[in-house]
Structure formats: structure tokens, C-alpha cells
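Hints are included, so try docking the two chains, each in its own frame, into the full complex.
What follows is each chain in one-letter form.
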Amino acid sequence: MKKYVLKRILQFLITMLIVSVLIFVMVRLSRTDPLAAIVGGKQTTPEILAQLKTKFGLDKPVVAQYFSWIGGFLHGDLGMSFKYQAPVSGLLTARLPVTLGLVFFASIIAMVVAIPLGVVAARHKDSPFDVISSVICLVLAGTPPFLMSLIFILFLARFFPSYPFTGSFETVPQYLLRMLAPSIALSFTMIALSFRMMRSNMIEQMQAQYTMTGKAKGLPPKVISWRHNFRNAIIPVLSVASIQFGSLIVGSVLVETVFSLSGLGTLLIDSIKASDYAVEQDIMMLLVALFLIISLVVDLLYALIDPRIRLK
Amino acid sequence: MRENIISIKGLKVGVASTSGYVYAVRNINLDVRKGEILGLVGESGCGKSMTAKSILRLHDEKRTEYQGKIIYENGKDILNMKEKELEQIRGSHIAMIFQDPMTTLNPLMKIGKQMMEMFRYHTSLSQEEAKAKCLKLLESVGVTPAEDRFENYPFQLSGGQLQRVSIAMELALDPELLIADEPTTALDVTMQAQILDLLRKLQKESGASILIITHNFGVVAEICDRVAVMYAGQIVETGESMDIFYHPRHPYTIDLIGSIPKAGLNGQKLTTIPGAPPQLNRPITGCPYAARCRYADEMCFTKAPDLQTLENGHTYLCSKADLTGEEAV
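Going down the list, the sequences are from chains A and B. Oh and the first sequence: position 77 is 77 in our numbering, straight run, nothing missing. Oh and the second sequence: position 275 is 587 in our numbering, straight run, nothing missing.
Only chain B is shown next, with the shape it has when bound in the complex (with noise of 0.2 Å):
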């Protein structure tokens, strides 16, 4: 097995609200190897962007409470690190793009001088240095002119065009982990497309880890290595991305990917999973799928869901162990 990057072990990460600790993350264990794509998916508010952020620590820390440890590849638990040891790896090893590229710059200052900044603060290099890196690394993620659009603030770009900014300036130090939560989302289909190949094929140059967060399995299928679904701020089922595609055992997984509209279904109701996932705040018995599972009995609804492992290394958390979702896809 190749090595990790990132080893998390029982992550849970509680943010404060009136009435003490909500545990939007609990109990997760995921490792991204060296050079792989992992696709984190999810619905909206299941704690995969949390997860995400909580690698780098980017939470309100005032806000936060953190369980578990996150081993990144030199031993070291991350959520343990002092600021300024966390400042020499955020960027640097471990980078991150955001879900909506109008936001992600600052408005006010010269697209140029925010990539400069990775220089700036990680390395020695000179201004000149710096900035022939920065033009390169533009015409590599296709900004052109460089020269002209190292000048241009942000507003003066399209999304899909400052999406690729950023993409250039995390790539600038060849991070070894690039997190992309939701890189895709804000933008429109052709352009999302685009983004994608982008980042297949820099890693494929760089060979960097990426761990991508969506909530559309088309982007998991079209560049993951692996996968982890997650649910109500648990992993629920992990493995090769082919393989949970088409022979995904969770029932979540199953009714995820046959939520996913297909071509030729013209006049038919989209195919939807009933219900809502269940309130953080409170207490969880059982399975937290249960009430939606069309599989669930009663043991479902009230013993935790043990974590099966197949031979390829696929694992799901479930308590049906003879589950496959063949019919489903």
C-alpha cells in the first residue's frame, strides 16, 4: 500500500452554538495516500467541507473544539502543531482551492501580487524570481496573456478564469496534498469540465494527493481514485471509485448514485431519497440512516452500524452485510 499524506484517525469537530458543542464531524478515519485522487462526497451540511477545513485547521479556533488526531506524513498530529509550524504547511504542503472563485481573492488587490504572496511568505526567492514563476504558472493552468492578467484584479476575470488562478497559486510551491472544496460548483457545466481536466492533469504532472469535496458523483467518476461517501458527519463507506460506483454495498451510496439523473428519461420525476438526515444536536442511536433506509429493520434503529471490510480494501458501515446495489445502477 502506498504511504499516506494525511492519516485522520477519529476526527470530531464540535462548533459552538447556544447550547454547548454541535459534533457536525464525529468519529471519522480516512487516509489519502501518496499521489491518489480521493473524492470526499456527501450532501449539503453532512461535514465533508468541515472535514476538509478541519486539515488545515481553518476553523474559528475561539468556535471550535477538535477530537482525534490528523498525522500528516512527517508524524506529526496537525491538530496538535503550534500556529506558526501550521503557517510553514498551510500553502506550502498542504494547499486548498475554494467552492466559489468570485470570492476567493481579495477584491481589492492585483491578482499578480496575491500569487506573489505564496512566494513571499514560503520562500526567499526574489521579486523577479517570484514573478517569472507566476507568469509560468498562469500560461500553465491557461490565464493568457500572463503578462496582462498578472495586473488584473480579480473582478476583471470570469470564474472560470479565476477558479484557474487559484488553482495556479495553491499549485505555486507543489503542495504535496491539494484540497478542492467544491471546485466545480460555482460554475457553469462546459467550465466545470474544464476545471477537471485541469486538475487531472497536473496532478498527473506534479504527482500531488488531491482530496476533492462534492456532492456529484459524475466528478468522483470522472477523477477520483478512491472515494468516501459520507453521512451525517460519518464516513460511510470508502473504496476504489469504480468500484463503489458500480457495486456500492451502503445503502446511502446505493440510493446516492441512483439519485443521479440519467440521459433518456425524459418526462420522468428525478429519482429522489425521502426524508431528511437526522438533527446533529441530538444524540444518534442506531444507524443515523435508518429512518431513510429501505433496508433498515429494527436492530437498524438501535445498535450503531459495524464497519465492514471486503477484501479490495471497499469498506462501508453497515450492519447488512449482504447488501449490493447492483440493482441500483
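One chain only, chain A, in its complex shape (with noise of 0.2 Å):
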């Protein structure tokens, strides 16, 4: 268990070093000149343009640049925005948590909804309630989010007109009620494919040579399916829901927009369109890291689930 918590700890710090490597250089890559952002239209001269290139460090070697930028992330100074003439922490610190709860709230929500509906319906194969809910999945996994956004947004509109749609937050209360119906849209895909996937992992579980057994030991049908078969099954769910974690990640962009909430999915588009190098990069990094901090959480709830990877 040892060998293999570390194993997978290495692979994540080995990835996260590739990774920055990859997102400094395509940051550069594109035509936009950061210092068009920092001058901002203004009128200038060679001096002033020079003085801002050491300032924002722009006149090192690039190697020395990158060095710099992610010996500071690994400190937690996560450096200027060219944009905003400002520091990147204060300019995430704000947004972050729409982000972190938007993406969090939909895998919960998805999984809370997705996991049981699964393992109901493979008991049920067949039923009305199984032949329904696959149906609705069904649609629900062929909805892009931002379209389910516009839907439910709609939808709440005309049956709950108080809600609040626009506006800030101050309190905690205040911030779960908002973030509620943009998770639960972004929710959906999730839901449809977790559920797919619960179900038919059941059905296959059900029909294993120790589900009979189960049976023929005189256990009742219920204690089998979530005694037994309800573990067997999860695990292929969890590691495809820690790779879905990435496409909510993604659906976050687009749900925000439309429920004009202001997270790190608008800045990072904002700061690309600017070539705000610092911003980009910190919050493709952030994102990258959340993606893969998940998936070790995952392999290593994997571990506790299954014994053949623990003790072996």
C-alpha cells in the first residue's frame, strides 16, 4: 500500500512537471503581445516599453522566465497580472471558490443521484422505472451544458421567480443557494454517464458466479446487490467519474457564463484573449492540479475499495 501511495504521489508530481513545461510554452506560443495588454492602447515610448519589460521580467531568457514563474507558484507567489496591474492571488482568491464549488457541487450532486438510481434500476431491469431512466439519461448525456443551463435557468424562471440569479454573495447560505442551480446543471452529463455505467456494472456484477453463491447461501436478494455486488460495481464508476471531473471542469466555463457568475473560467479566457501570461498560466496550472489531485483521491479510495491493489 505504501509502495503504491507513493508511486502514485510520483507519477502526479512527474506529470505536474511536464505539464507546466507544456502550458508555459504554449503561452508563448500564441501572436498576442503581452505588452499590448500592459500598455493597453495607450501611447508609448522604447523607454517606457523597456522599463515594463523588466519590470513584468519579460526581458530574461525564457528559461529563466519559466524558472522564476514556477518557483513562485511553488511558493504560492503566483506573480502579476499584466492586465490589472495587479497580483494574481487577489484576482483568483475572489473567484476560485465559484470554480472549486461549482465543480464540486456537480460531481457530489451527480454522484448522490447517479450511484443509487444505477444499482435501483439494474434491480429493476427492464422495469418502467429502469426503461424511464435510461431514457432521460440518455437525453440528458447528449445536452451540451451550457444549452441544460439556458433550459433550467428558464424552467426555474417560471416556477421559482425568487431565485436569485444575478447578484453577489456575502454570506455562506447566501452562496450555496447561488451556486445550487448552476451545479445542478452542470451536473447532468455526469449523472447520465455515472448512471449508465453503475447500472450495467451492477447487471454484470449480478450475474457473477458469487452472486449465486450469495444466493444459494440464502441471502436475501437486497443484501446481495448492496452487500456484494454494490462495491464490485463502483469501482469502474469512480475512476471514469475522476476523468469526468475534467469535462466538468471544462462545462464550468460555459455554466458560469450563462449564470453570469464570475469564476476562473471567464478570467482564464479573458487573460488568453490578453496574453495575461501569469494569470493563464496560474490558472491553467490550478486547474490541471484539481484534475489530478482528483484523480489521486480516486486511485487511492481504489485502493481502499479493492484489496488486490492494496495488498499486492
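Keep in mind the hints are simulated off the structure, nothing from the lab. Here the structure is a predicted model, which is why all the values come from computation and not from measurement. Don't be surprised by glycine CBs; every beta carbon is placed ideally from N, CA and C. Errors might be hidden in some of the hints.
[Stated by the list, open to error] Pair by pair, the computed Cβ-Cβ distance ranges are: (1) R308/A / E373/B: 28 to 34 Å; (2) L437/B / F146/A: 56 to 62 Å; (3) A328/B / I151/A: 18 to 24 Å; (4) D412/B / P220/A: 22 to 28 Å; (5) I309/A / D412/B: 19 to 25 Å.
[Said to hold, decoys possible] Result set (DSS-like, lysine-lysine): computed pairs, CA atoms no more than 25 Å apart in a straight line: (6) K388/B / K321/B; (7) K374/B / K125/A; (8) K125/A / K321/B; (9) K374/B / K222/A; (10) K422/B / K312/A; (11) K321/B / K222/A.
[Unchecked claim] Anything over 10 Å on all C-beta distances counts as not near chain A; from chain B, calculated: (12) V334; (13) E385; (14) G403; (15) S404; (16) P419; (17) G424; (18) H434; (19) T614; (20) H626; (21) T627; (22) D634.
Spelled out as C-alpha cells, the structure:
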């Protein structure tokens, strides 16, 4: 187990390193001149430009720029935004709760809804419940999140006109309420895919030999499903969910636009347009790290569930 | 005659297919007596495993149709029991072990925990009492050190050990009948003998009946008191196992015994039975074995065979009453 954990952590660190180089290079391949963003259309002289270059470290060799960025990043110094002329950390702290909240709430909602439904549908295969939920999930899986968000807003506006679609939030309950609708809208694709997978895995496990052993032992069907089949069926669902987590991050950009929330997504797109190096790099690094950490956690969870991974 | 623990009467089992039900078990009459080891022998696909699973009604009920009766010793028909009633019989009165020990147990649950379930769902024993019983059971089947094995997961044990664990688990509640579906087929030869020895030893100690499903006449000769030979979903011959072994009457049994490889016949071809069993999705006229039978005449292809009974209780399903299989042995 120790070896497994160390191996996974090492993999995580190496992946982060490679990704950081890729991000750094990609950002610099952009044709937009970062100085244009800094100057913001004002008249300048070559002297001022040179001064600005020095101020933001753009006069240093590229390799040195990389190390100063990544070194700072690791120490929690996220650098300066060219466009806003302010520390990136300040920009992010205001927006991080929105994106993190969206992605986490959406995945929690998805898991809580999809997994039990998948089990119930599998246990009552071909029943009206199974058929109806399968059709609904097929529709949900095929609908893009932004479209789902729009439909959802129309629905809410019609039936719950007092729901806060816009405006800021100060207290935690306000925050949670404001996040609820976009999180649900974002969760639909993940619900659909996780449900389908949980259902088919359960059906497969219910045909396994050990299931027949359980039946022959006189265990009630409910006990066989929840005590025996469930754990076997959920492992692949978790690993796919951790990959889907990536598309949730992407989806959150669209959902936050539709619900007029200012999260990392909108900031990232603005910063790419302006070639705001530090902001682009930091946001991408954070999102990749988030994705990789979730994968790492799921891998460790995997080992907790499956003794064959833990003990080998 | 000894009492029956299970009495199967006119059992037919159909499996749903795209063109209606296919009857893989067709009109079976079979008694399992108290305290005996009964072998159910036949080639792959003859319906022996299906018959065995029907006794506990393990088939997917949505896709299976049962006809006939399976009378349990309390006089009730298992095929008519409510699910709850059946759950109480499964495991505690009639238990079953399966062919491949590697897949019989849940891979994610400790062996001990899986054994404890027997007590948890059938008795009111405390955790500690149940655990003590499980440890004893593991020792009695030679899975030691029991304390360690109790905490192991199935993948940490070998196939032979796992089959022992299955046996220990299934015998936990002293069932009156243990159904063993090809219990040695997935194991290597030395392990096969050990498992058979273990089954016989435990049977002697507990006095339970064992119904052992096998395609291997060697297994029958080794441990069975009586044997029933199955062909194409029917039982074609029953009797004391030594009687059947030395005086088979049904041509199929004669051929089956004749095809057992014998020691000392180096370089010779193995004897086989030519042809294949009949398709069960079509109606069978006459004797199902007629096409492969070397004694068959015209009548065998048109008239269903009669059940012949000898004085010692030996029965066989053949129109030719005068056959003896002496030459096959």
C-alpha cells in the first residue's frame, strides 16, 4: 500500500512538472504581444516599454522566466497580472470559490443521484423505472451543459421566480443557494454517464458466480446487491467519474457564463485574449492540479475498496 | 428404504430463448436419500447442472420455466415456495458448492466475513460465537492457520484452499443436503483427490446427503453410493454406483464407461462416442440416444423408450431389456 501511494504521488509530481512546461510554452506561442495588454492602447515610448519589460521580467531569457514563474508558484507567489496590474492571487481568491464550488457540488450531486439510481435500475432491469430513467439519461448525456443551463434557467424563472440568478453573495447560505442551480445544471452529463455505467456494472456483477453463491447461501437479494455487488460495481464508476471531472471543469466555464457568475473560466478566457501570461499560466496550472489531485484521490480510494490493489 | 431428503418428480426446466422456451431438463425423476452420496453424471450440456441449480431455484426466474415438483423432506414443493421460505432453506438446509473456487467468493470481501454471513442471516449467534465456529470450520477442512486465513481475501489463497473454504462455509449450518456442482473440475488431479476425501470424511461425520454433479466416472467410483446417468435432459440410468459401474444396462452408460481412459494403453486412441447429443430446441421422437447407439434398431427411432426396473432397484430407460454391458468393462 505504501509503495502504491508513493508511486501515485511521484506520478502526480512528474505529470505536474511536464504540464507546467507545456503550459508555459503554449502561452508563449500566442501571437498577441503581452506588452500591448500592459500598455492597454496608450501611447508609449521605447523607454517605457523597456522599463515595463524589466518590471514584468520579460527581458530575461525564456528559461529564466519559466523558473521564476514555477519557483514563485510553488512558494505561493502567483506573480503579477499584466492587464490588471495587480497580484494574481488577489484575482483568484475572489473567483476560486465559484469554480471549485461548481465543480465539487456538481460532482457530489451527480454521484449521490446517479449511483443509487443505477443500482435500483439494475435491480429492476426492464421495469418501467429502468426504461424511463435510461431514456432520460440518454437525453441528458446528449445535451450540452450550456443548453441545459439555459433550459434550467427558463424552468426556474417560470416556477421559482424568487431564485437569485444574479448578484453577489456575502454569506455562506447565500453562496450555497446561488451555486445550487448552476451546479445542478452542470451535473446532468455526469449523472447520465455515471448512472449508465453503474447500472451496467451492477447488472454484470449480478450475473457473477459469487452472486449465485450468495443466493445459494440464502442471502436476501437486497443484501447481495448492496453488500456484495455494490462495491464490485462502483470501482470502475469512480475511475470514470474522475476523468469526467475534467469535462466538468471545462463545462463550468460555460455554465458560469450562462449563470453570470465570475469564476476562473471567464477570467481564463479574458487572460488568454490579452496574453496575460501569469494569469493564464496560474489558472491552467490550478485546474490541471485540481484534476490530477482528484485522480490521485480516486486512485487511493480505489485501493481502499479493492484489496487486490492494496495488498499486492 | 431410507427416507428422501429431496424427491424430484417430473421436473422440466425451460430457458427462455428467442424462439420460446428450450427445455434442457426434460422429465426428471430423482430421489436423494438421507445420508447418501449420489452422483449425477453426464456430458457437458446434458442438463445435470441445471437440475442441481433447480433444487435451490437458483435460475433467473424471469427467464426460466419450471414444471413438475421438487419435494423437500417436509413435504413442501420447492418450486411452489415463497422467496422468503426458500431463503431459509438455502444455505442452512440445502447448501451448494460450485465448480470454480476462484470465482465462487466475492473478491472484495474477507473470507471470514463471507463465512460469517451464514450465521448472520440464518442464526442469532453473536459475532464472537460465529467467529469461533468459523475458525473451527476452517481448521476442520485444513485451511490453517485459521486465524490468518479468516482475515485473508480470496485472491490470497490457492484454488484448492478456496474450494476447502467453500466447503467449510457451506457446511457451517449442518445442512441436510450439500449439492456439489463439479467440485473438482477446476482443480488439478492431486487436489481433486484431496477434495473428494474431504467431502467423504465430512459426510461421514455429519451424516448429510451429498448430490455430486460430475462428468467424471472416476469421481463416482471414488465416493458415490448411488449414481444417476443423465443424457439429453433425461435420467437414463440409476442404481448403486458399483452395480452401474460393473453392470451398466443403458447403451449410453456402457459407452460412457467404455470411454474412460485406462492405464497401460500407451499409443492407442482413446475410445469416444461418435456423434453429438440431439438439439434440445427441436422435439425428439423415439430414444434421444438412438442416433449414437450401436444397439439401436428401427423401433428406437420411433418409440420413446420404457423405464426398466431390476430387482435391486437399478433402473434404466431403454427399449432393449436384454442388454448387458459386461464387454465394456
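Here's how the hints hold up against the structure:
{"no.": "1", "hint": "R308/A / E373/B: 28 to 34 Å", "verdict": "33 Å, holds"}
{"no.": "2", "hint": "L437/B / F146/A: 56 to 62 Å", "verdict": "59 Å, holds"}
{"no.": "3", "hint": "A328/B / I151/A: 18 to 24 Å", "verdict": "41 Å, violated"}
{"no.": "4", "hint": "D412/B / P220/A: 22 to 28 Å", "verdict": "25 Å, holds"}
{"no.": "5", "hint": "I309/A / D412/B: 19 to 25 Å", "verdict": "22 Å, holds"}
{"no.": "6", "hint": "K388/B / K321/B", "verdict": "13 Å, holds"}
{"no.": "7", "hint": "K374/B / K125/A", "verdict": "11 Å, holds"}
{"no.": "8", "hint": "K125/A / K321/B", "verdict": "33 Å, violated"}
{"no.": "9", "hint": "K374/B / K222/A", "verdict": "17 Å, holds"}
{"no.": "10", "hint": "K422/B / K312/A", "verdict": "15 Å, holds"}
{"no.": "11", "hint": "K321/B / K222/A", "verdict": "32 Å, violated"}
{"no.": "12", "hint": "V334", "verdict": "19 Å, holds"}
{"no.": "13", "hint": "E385", "verdict": "17 Å, holds"}
{"no.": "14", "hint": "G403", "verdict": "3 Å, violated"}
{"no.": "15", "hint": "S404", "verdict": "6 Å, violated"}
{"no.": "16", "hint": "P419", "verdict": "7 Å, violated"}
{"no.": "17", "hint": "G424", "verdict": "13 Å, holds"}
{"no.": "18", "hint": "H434", "verdict": "6 Å, violated"}
{"no.": "19", "hint": "T614", "verdict": "41 Å, holds"}
{"no.": "20", "hint": "H626", "verdict": "32 Å, holds"}
{"no.": "21", "hint": "T627", "verdict": "29 Å, holds"}
{"no.": "22", "hint": "D634", "verdict": "43 Å, holds"}
When held up to the earlier numbered hints, the structure conflicts with 3, 8, 11, 14, 15, 16, 18 and fits the remainder.
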